[in-house]
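Using the sequences plus the hints, can you model the full thing?
Protein sequences appear in the order of chains A and B.
Just so we're aligned: the first sequence equals residues 494 to 936 in the working numbering.
Just so we're aligned: the second sequence equals residues 494 to 936 in the working numbering.
Honestly, I wouldn't trust all of these hints.
[What the hints assert, rightly or not] Cut-off 25 Å, straight-line C-alpha distance, at most; resulting in silico cross-link-like pairs (BS3-like, lysine-lysine): (1) B:K501 - A:K758; (2) B:K522 - A:K652; (3) A:K501 - B:K757; (4) A:K652 - B:K757; (5) B:K502 - A:K652; (6) B:K666 - B:K832; (7) A:K816 - A:K792; (8) A:K502 - B:K773; (9) A:K522 - A:K558; (10) B:K652 - A:K501; (11) A:K816 - A:K715; (12) B:K666 - A:K757; (13) B:K719 - B:K833; (14) B:K833 - A:K652; (15) B:K816 - A:K652; (16) A:K773 - B:K501; (17) A:K503 - B:K652; (18) A:K522 - B:K773; (19) B:K758 - A:K652; (20) B:K757 - B:K792; (21) B:K666 - A:K619; (22) B:K666 - A:K715; (23) B:K611 - B:K565; (24) B:K611 - A:K773; (25) A:K502 - B:K652; (26) A:K757 - B:K501.
[Stated by the list, open to error] Take a look, some chain A residues computed to stay more than 10 Å from chain B by CB distance: (27) T718; (28) E843; (29) M882.
[Claimed, not checked] Derived contacts from chain B toward chain A, CB cut-off under 10 Å, selection only: (30) G654; (31) P709; (32) N776; (33) F825.
Since the hints were derived computationally from the structure, they do not count as laboratory data.
Ideal Cβ positions, reconstructed from N, Cα and C, are used throughout, including at glycine.
Number of protein chains: 2
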Amino acid sequence: MEFVTGVKKKETLELSELLEEGRIGTEVKVNGAIHTIRDMGTIAFIILRKREGLVQCVYEEDISKFDLKDVKEADTVEVTGVLVESAKAPNGIEIRLGELKILSEPAEPMPLPIAKWKLNTSLEAKLNYRPISLRNIRERAKFRIQEGIVRGFRDFLYKEGFTEIHTPKIGAKSAEGGANLFRLEYFHRPAILQQSPQFYKQMMVGVFDRVFETAPVFRAEKHNTKRHLNEYTSLDFEMGYIDGFEDIMAMETGFLQYTMELLKKEYARELQILNIEVPKTDNIPAVRFDEIKRLVSEKYDRKIKNPFDLEPEEETLISRYAKEEWDADFVFVTHYPSKKRPFYAMDDPEDPTYTLSFDLLFRGMEITTGGQRIHDYHELLAKMEKRGMTDEGMEQYLSAFKHGMPPHGGLGIGMERLTMKMMNEDNVRETILFPRDLSRLEP
Amino acid sequence: MEFVTGVKKKETLELSELLEEGRIGTEVKVNGAIHTIRDMGTIAFIILRKREGLVQCVYEEDISKFDLKDVKEADTVEVTGVLVESAKAPNGIEIRLGELKILSEPAEPMPLPIAKWKLNTSLEAKLNYRPISLRNIRERAKFRIQEGIVRGFRDFLYKEGFTEIHTPKIGAKSAEGGANLFRLEYFHRPAILQQSPQFYKQMMVGVFDRVFETAPVFRAEKHNTKRHLNEYTSLDFEMGYIDGFEDIMAMETGFLQYTMELLKKEYARELQILNIEVPKTDNIPAVRFDEIKRLVSEKYDRKIKNPFDLEPEEETLISRYAKEEWDADFVFVTHYPSKKRPFYAMDDPEDPTYTLSFDLLFRGMEITTGGQRIHDYHELLAKMEKRGMTDEGMEQYLSAFKHGMPPHGGLGIGMERLTMKMMNEDNVRETILFPRDLSRLEP
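Here is the structure:
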């Protein structure tokens, strides 16, 4: 028997430790994967890939105590050597190699040139070799930024008094949803995968006042577009005691402001690798659905085809308008038509053909849908009846309202879409580790 | 068009703001749900439930400017009044009510006495009325502690250089797993729900060195016990460049140490509500599987029935032994027999019938399985062949190894089980918001 007492400092150093003051001129021990080797004859540059970035090591025939021929790309190694300054090396440092120990070896050479700065490979090839293509420095940096977005969402909401919840993804069939649900058998009973934590987060507003969840959602939509995924991560929150849906937009703006600062502070390296400037979030315009439709139609001389919904092209034009007129990357579109919103959306008492709801557009794409919900039991029943819905599978949801719910509202943010637009990608598959779409079920 | 500029401070105060210095004697505005009303004739105590706790309000016939008859339990309200000290009230304060505005009303009275301190109701009834039973102060406190556990997991791992990942839950059928998988149809192709992010997190070690995920997993096990769920949240991490599986146990110990401090600091209120003392985590004993089996068998005079696995009763005895002999709530059991571990577990070179793996037991129950994994491609293929496995559906997983993987290992922690044992509950359904088991698919 031995006691485990916690994490012990290792002898091997990470990149940020190599960059600490006082390291230059000392012997250091470092591990990593061999990203690339440039053999110049009597010397060679061996670049190690570490989680924080690249470290240049120099092999010198007279000094290094190993045979360069024994080393190849994709080996993982542990090296020792003297740390020196080097203006041309990544981060301005390099290691003059003494010893090198091989920890593991690949069985075959790389199928993709991952050591290139830009992986000029088709999206298809990148996805077919996902565990390999992500080893490219720029590819993996995208997912560090994505981490920062989710982390910012949670940290901001903790600070604002929200409680994190974990709700089930397998559920019973209900009167809501329908065609877009994946179906499965659950111990001889029909079940579905949840397309949103909507009902659960609303029920939990009655318990914790403010809740959030960051979890997968499942949509069996047969869309094969650059913006749709059949499984994605949804950043959801729901909050009680609101004065109006404006409180939800204010909270989302607060999240964006907090997160952009977090990215600048904690993910500066990755922002630089991807050459990204964070968008402005201090003033986000909010404009009515019917008004912006009219404004865009006038300015860009485009006929309004569907007065009840936004077409993708219209979303692009609204963002263009917001950029041109208000210098804004984000724009809230408010008061969506009631017939296009789910039954639980609160209708505008001033004109019930519209709802107290909004979408947030970011650089031409909807990344959020949110709004105020109906909180009165009888009102909710009446709206369900008006839509010809039964309460099948919704008994528990309705019971929360039957026994009292505060005025509340919330939203859902598509994590991959927000990441995609942050880095100006044009396909959402670029910003999900392992996409699920009509044709992709693997890896 | 208007600009949204972020979160604005509301006039209404939260509990922690009421407790700030200088508030006593001032008029305050507060909202909340009416948890309970005690009518004493000319005065009445109206207790508000807020997210941070209970606030006592006093109705006085002569002073309060509303009719007590208009107010009932489960109304949500906004009140104004003078804040005064009151030794007997929760948190030592109460509000002498002036005005009261009703924000929403229930349609029916409560089906459960949620205002009682201990909800003396069967687990069955609590689960049948889940959105209501969780409004009980003690019930909801459990899930605040659960939030702290997950938050501690993430914050500790960020600090240790891990990257958070989001991996797909729908996947193709593979040679691993089998009977315990939920099956579904994915656009006319057979698919499964992932029982673990194992393959994905290993692949991502080749990219980020250290990764974690906190997400649902799905197990179609037909166990109907107090410790099994068919959907639960798994706290997973995987790390590269380890010297041995001891590094994994050290990291888990570090997580537990960090999290217990976080709970004491940020969740003290909930620890107090539930009367919980956090377990000691400074020294966690680690003992070999075969050795602890023998020790327990000798000390408690119990015959070893199955030398390859631990029965639930044995887990209880091992924890009892650890408590009696080492004053430990947690105990690592190491070197599990190879035949009981999955193919990717690394066998102990000194005796390949055992593996370089471990379970962590906490107060009589396994809450973690972890260990070192095979990182060499040929070794992995050989072990699969030995077990008669094909590489069907595992081509991408294997390709990560083919193209080089560092020595690595990791673990998975059952969030609900860890929460359950923290609060000395005896059924895991007590510590999940909406359990999924053989009979429960709703709410």
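Each hint, compared with the structure:
1. Between the alpha carbons of B:K501 and A:K758 the distance comes to roughly 24 Å, so the proposed pair stays at or under 25 Å and holds.
2. For the proposed pair B:K522 and A:K652, the alpha carbon gap of about 21 Å is at most 25 Å, so the pair holds.
3. Under the criterion of a C-alpha separation no larger than 25 Å, the hint pairing A:K501 with B:K757 is consistent with the structure, at around 23 Å.
4. With a C-alpha separation of about 17 Å, the suggested pair A:K652 and B:K757 falls inside the 25 Å cut-off, and the hint holds.
5. Restraint check for B:K502 and A:K652: the C-alpha separation of about 13 Å stays at or below 25 Å, so the hint holds.
6. The suggested pairing of B:K666 with B:K832 holds, with an alpha-carbon distance near 23 Å, which does not exceed 25 Å.
7. Of the pairs offered as hints, the one joining A:K816 and A:K792 holds, with about 13 Å between alpha carbons and a cut-off of 25 Å not exceeded.
8. A distance of roughly 22 Å separates the Cα atoms of A:K502 and B:K773; the hinted pair therefore holds under the 25 Å criterion.
9. Between the alpha carbons of A:K522 and A:K558 the distance comes to roughly 14 Å, so the proposed pair stays at or under 25 Å and holds.
10. In summary, the hint linking B:K652 to A:K501 is supported, as the alpha carbons are separated by about 14 Å, within the 25 Å threshold.
11. Our distance criterion of 25 Å between C-alpha atoms is broken by A:K816 and A:K715, whose separation comes to about 32 Å.
12. Only pairs whose Cα atoms come within 25 Å are accepted, and B:K666 paired with A:K757 is rejected, the gap being roughly 41 Å.
13. With a C-alpha separation of about 23 Å, the suggested pairing of B:K719 with B:K833 holds against the 25 Å cut-off.
14. For the hint pairing B:K833 with A:K652, the CA-to-CA distance comes to about 44 Å; that exceeds 25 Å, so the pair is violated.
15. For a cut-off of 25 Å, the pair hint linking B:K816 to A:K652 is broken: about 38 Å separates their Cα positions.
16. Of the pairs offered as hints, the one joining A:K773 and B:K501 holds, with about 19 Å between alpha carbons and a cut-off of 25 Å not exceeded.
17. A threshold of 25 Å between alpha carbons decides the hint, and for A:K503 with B:K652 the separation of about 15 Å falls inside it, so the pair holds.
18. At roughly 34 Å between alpha-carbon atoms, A:K522 and B:K773 are farther apart than 25 Å, so this suggested pair is violated.
19. Taking the CA atoms of B:K758 and A:K652, the gap is about 14 Å. The hint holds against a cut of 25 Å.
20. Among the hinted pairs, B:K757 with B:K792 is inconsistent with the structure: their alpha-carbon atoms are about 35 Å apart, more than 25 Å.
21. A distance of roughly 22 Å separates the Cα atoms of B:K666 and A:K619; the hinted pair therefore holds under the 25 Å criterion.
22. The suggested pairing of B:K666 with A:K715 holds, with an alpha-carbon distance near 21 Å, which does not exceed 25 Å.
23. Under the criterion of a C-alpha separation no larger than 25 Å, the hint pairing B:K611 with B:K565 is consistent with the structure, at around 22 Å.
24. Of the pairs offered as hints, the one joining B:K611 and A:K773 is violated, with about 49 Å between alpha carbons and a cut-off of 25 Å exceeded.
25. A distance of roughly 13 Å separates the Cα atoms of A:K502 and B:K652; the hinted pair therefore holds under the 25 Å criterion.
26. Pair hint A:K757 plus B:K501 holds up; C-alpha atoms about 23 Å apart against a cutoff of 25 Å.
27. Separation of A:T718 from chain B is adequate, the least Cβ-Cβ distance of about 15 Å exceeding the 10 Å criterion.
28. The claim that A:E843 lies off the interface holds: its Cβ sits roughly 16 Å from the closest Cβ of chain B, which is beyond the 10 Å cut-off.
29. Every C-beta of chain B lies more than 10 Å from that of A:M882, the closest at about 17 Å, which supports listing it as non-interface.
30. Interface hint at B:G654: satisfied, since its Cβ lies 6 Å from the closest Cβ of chain A, which is below the 10 Å cut-off.
31. Satisfaction of the interface hint for B:P709 is found here, the shortest Cβ-Cβ separation to chain A being roughly 5 Å, below the 10 Å cut-off.
32. For B:N776, the suggested interface contact is upheld, since its CB lies about 4 Å from the closest CB of chain A, less than 10 Å.
33. The interface hint given for B:F825 holds, since its Cβ lies 6 Å from the closest Cβ of chain A, which is under the 10 Å cut-off.
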